[in-house]
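Asker: Protein chains in written order, with the numbering used here: chain A, 15 to 364; chain B, 15 to 364.
Be aware that one or more of the hints could be misleading.
Copies of the same chain look alike in the list, so a pair counts if it works inside one copy or between any two.
[Claimed, not checked] Straight line, CA to CA, 20 Å or less: simulated EDC-like cross-link-like pairs of lysine to aspartate or glutamate:
1) LYS41 <-> GLU197
2) LYS109 <-> GLU197
3) LYS68 <-> GLU315
4) LYS68 <-> GLU167
5) LYS68 <-> GLU191
6) LYS68 <-> ASP248
Quick caveat, the hints were computed from the structure, so don't treat them as lab data.
None of these values were measured; they are calculated from a predicted model.
2 protein chains.
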Amino acid sequence: GATEEDTSMPDPWQDEEYFDSYGTLQKLHLEMLADRSRTEAYRQVIISNSASLKDKVMMDLGCGTGIISLFCAQLAQPSMVYAVEASSMAEYTKKLVKQNNCEEVVSVLQGRAEEIELPGQVDVLVSEWMGNCLLFEFMVESVLLARDRWLKEGGVMWPSSAALTLVPCQADSYFSEKMHFWERPYGLDFTPLSLAQQEFFTKPKFSYLIDPTDCLSTPCDVIQLDMYTLQVKDLEEMHGHFQFWIDRSGTFHGFTAWFNVDFKSMEPGGTAVQLDTGPHSRPTHWKQTLFMSDRPVSVHEGDSISGSIVLHRNPVWRRHMTVSLHWNINSSSKDASSCQAGTKSFPMWR
Amino acid sequence: GATEEDTSMPDPWQDEEYFDSYGTLQKLHLEMLADRSRTEAYRQVIISNSASLKDKVMMDLGCGTGIISLFCAQLAQPSMVYAVEASSMAEYTKKLVKQNNCEEVVSVLQGRAEEIELPGQVDVLVSEWMGNCLLFEFMVESVLLARDRWLKEGGVMWPSSAALTLVPCQADSYFSEKMHFWERPYGLDFTPLSLAQQEFFTKPKFSYLIDPTDCLSTPCDVIQLDMYTLQVKDLEEMHGHFQFWIDRSGTFHGFTAWFNVDFKSMEPGGTAVQLDTGPHSRPTHWKQTLFMSDRPVSVHEGDSISGSIVLHRNPVWRRHMTVSLHWNINSSSKDASSCQAGTKSFPMWR
Ligand SMILES: [Ca+2]
Ligand SMILES: [Ca+2]
């Protein structure tokens, strides 16, 4: 068939041309805007801090369409919002700002965080920098660089903190779909392709939506970032530990990860706005990420799974990382208190 | 956010490396094998023609994993099956053939259809060459070249015939998702991005699964291919005409296309095996393709939609094509027998 063949065509630049086209760039931004959980969270932050934002100077880093800057201009009264965008999208952001009569408050600057020049420092740095498993693609580095150069002493970071959440999980239907079928399909022996069958599980599954009933335990934040104190060098290797108590018997197939971020309030006594991308919240465009172990293990209520996670930033390809998981399944059964260990590393490339 | 950023990264070869990797190539083949409708159709062809295949010489062009060749060797008694595969997959195909003890009957040849050399001509040429909208990626050209060079006078082509099917359709939820949201999202004016909003509809939507109740008429085969007489030059521009009678009132949003192929029987009085990828059959990995018009039109039972379709092969990028649709909506209402014309061209790139 033809479906598989484009990958072997010798003209990769065609895809590049295609994806970099005017409309496609915008389409990607429209798709993010259509993520209401994400966009409404930022809108809520502006609304619930509108009094405190009066006369403040703000920066919206990686502003895309400029939606957050427009919220600031229309729902609060900052003296100035610098909307910073590195891509050619900035050209259209300027048009959108004008179309919405915000050009006196919102100033669109095209450039990378490291390059832009402002007349002075800002009171608030807001950005939507999160990627899959929170850090993937490492836009957070630009945010930290902008913070260190342009945020006033005592200024506000939005998000203010962020966490990567993990849960041990079942993934029965995904596992069956990928593995059981291959035991002897059509009566033939496909074991020479077993490496490819394995490969279904060597990469994390992006865009996974875990059913809450497939969580074998209460999810835990395993890595937490304080956006005021986090340093670029900390990003090279982030470590987390976990101990999960299994609260329902089932099959352990691996771990599912997602993130949540907090926007602390500027108002005295105000509560933080939260954006959670987990299975108990409305799905976002990030969805969740599934890390499959190589071998399913039966687990029972009362068992525990302890271990660690390391996010190792790729030393060469700076937007990529490897997620390493190490775990012990501690059985609570009377006849044998056994312990099964597992370890697996998942490269995260697109 | 980070999700959109990989498209602007200046390292397209990374994706290339990624997709061309050993496991990914195989994974694509495994995913096609997992398409049971497709694979079982070919299996059924071999089973129902097993008597006639005895001592025949066969070619399986673009054999991938070699599944069709293995069916031939295990379910019939051909004297030889040449399994031809241009990609490096051929290396694993050889292992699969050996693993299934078929190496005396199945000979794997790595090479393009134009390049391979056989000791003689073949009685049967079987191939799974179909792509989106039947022709996309034009693997069919290789099949025609192989036929003209290697198929004996009076030999059998599988598929023997093929047809592109079209139906006028509703696509309310897809339309709303893409357009209604953008009328004034979050109270802001996004008209400067309207070109991008339009672009949602300038390309066909691949991997669309139309609900049968969204078909506004009985589907029709608009282009038919006889695999015995079709010529490579015919592929440059394929024309079809249609007249649909609307059998349910609704909103015309565009057309949905898919294909079906026939495998004529070699047995006296035998019936052809069919593979249909439309909405009334079990979904295949091809799914269907949606062509959205720019403007929805209300239609009523008794109205008709007549027009034409042209598949124009790209003169430079030989795997690509443009699908042009022209249509007239002829209203049957008493007060005004109106006619609304529409025309639109859709480039089909990946
Ligand atoms: Ca195909
Ligand atoms: Ca993002």
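Asker: So which hints don't hold here, by number, going up?
Answerer: 3, 5 and 6
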